[in-house]
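*Asks:* The lines below spell out each chain.
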Amino acid sequence: MSRYFDAASGLPLMPAAHRALDAALDHGWADPARLHRGGRVARQLLDAARASVATSLGVLPQEVVFTASGTAALHAGVLGLARGRRKHGSTVVAGAVEHSAVLRAADWAMPGRDPVLVPVNPHAQVEVKAFRKAVRADGVALACLQHANHEVGTVQPLAAAHAAARDAGVPLLVDACATLGAMPPPTAWDVLAGSAHKWGGPAGVGVLVVRSGVRWRSPLPTDESGRWAGFPDVPAIVAAATALEHATAALDRTGPQRSALVERLRRQVPRLAPDIAVLGPEEGRAPHITCFTILYADGETLIGELDRAGFAASSGSACTADTRRPSHVLAAMGAVTHGNLRVSLPPEASADDVEEFLAVLPDAVRAARAAGERAARR
Amino acid sequence: MTTVVEARGVLCPVPIIRLARAAADLPAGSLVVLLTDDPAAEHDVPAWCRLRGHALLSSITLGAEGALGPPAVPGGPEPEAPNRRPGQAMRHLIRLGAAPAGD
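Chain order of the listed sequences is A and B.
Under the numbering used here, the first residue of the first sequence carries the number 1, and numbering increases by one thereafter.
Under the numbering used here, the first residue of the second sequence carries the number 1001, and numbering increases by one thereafter.
Keep in mind the hints are simulated off the structure, nothing from the lab.
You can trust all of the hints, since none of them are fake.
Some chain B residues close to chain A (C-beta under 7 Å, calculated; not the full set):
{"no.": "1", "residue": "C1012"}
{"no.": "2", "residue": "V1014"}
{"no.": "3", "residue": "R1018"}
{"no.": "4", "residue": "A1040"}
{"no.": "5", "residue": "H1043"}
{"no.": "6", "residue": "D1044"}
{"no.": "7", "residue": "A1047"}
{"no.": "8", "residue": "W1048"}
Some residues of chain A that are not near chain B, with every Cβ distance over 10 Å (derived):
{"no.": "9", "residue": "H36"}
{"no.": "10", "residue": "G38"}
{"no.": "11", "residue": "A48"}
{"no.": "12", "residue": "Q62"}
{"no.": "13", "residue": "Q268"}
{"no.": "14", "residue": "V354"}
Cβ coordinates follow ideal geometry from the N, Cα and C atoms, glycine included.
Just chain A, same shape as in the assembly:
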């Protein structure tokens, strides 16, 4: 069976969520805004799902908005804060290693005005001093910082960043797409965004949480009730809530388990072949994501060879990207961008899976370096 080590790109639908989806497809198809029986059932399912997500995240149900994806939640978060704060400023401050969905929304929010990117250290961690200075500047509308980096796993200093933003009167959007369901949800934020397919829910459900009292205004037309517009995908939202409940309940088990397996990878992978570097800090990491630089290796060949050996992993190297541009995360860290290997473990990854991965990796590295050598001779 294929071993899926690309959890940070998305997880398969959790069995419990699959069952919830099936049931909700049968019963929750009607318009929850209608007063007939079908509408009332759909409304009850939607309200219960909202309450469940709120409980999992430790927030109030009325603070939860469902969007069509994690990216849409991030876009709505950035653009809605920019709109709500337009009298206060027009600068967006963001960590240099934020997800491209955040950086693109920051560009889009303020046409012609580049966001202020806060630099990171070589471990991809945002410099708190620089962050504090950036949010204190005149005319800052909002600041964005991820809970943990989606490529390297580095946890960002949210408590310090949120305190700095609050002192400056600037709302902080936290992108928790990479971590919800894998770590306890963060608490230091004003607006939070998450993505259901990364915690074992279905694709097509994003969560935006806006803390009561935060000046967020929908950047798109709203519905009659003044909320986020559009017919909600009630069955998918129900499945997303179920998956988050299960993932949250299992955190005590999956957190330490995945941390231990990632530690094993970080210790062993550099011993398998020369010239392999481990990226990210020793402490302060998401439990399930880690990444390596395999010098002189062709990233595309590496991912292909691992796939043939039954392992799905990913790479931030330019040769594996549609754009042919290297990962902006690796570039901002000052890391080598070629030969990049990201491993992100699903909750049920076992020690056997990891040992087998360690067993097949040397051949994949050899093949990827041979491919690099061949290309260099041409």
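Based on the hints, put chain B in the right spot on chain A.
*Replies:* Coordinates of chain B only, in the frame set by chain A:
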């Protein structure tokens, strides 16, 4: 004497492989000029030098005429180049440090 490593027209990881191979044959203190037009090299050359203990003395942009991209037809559409996107040609000047084992 300065060794020139030509890596224009090739993509990552080739520029760094050619650079590493040249460095392996040279004593510490040697100067190497690396020519690149891969956008990834802009990040990889300084990162590799730091990792390997070599000094990157300068990286300068050569401009469009220095790039070996596919020839453009005047007034015509952009040439198809699915596998490469001509970046800016750059000249990197590196002074080799004492190379660690494995180079």
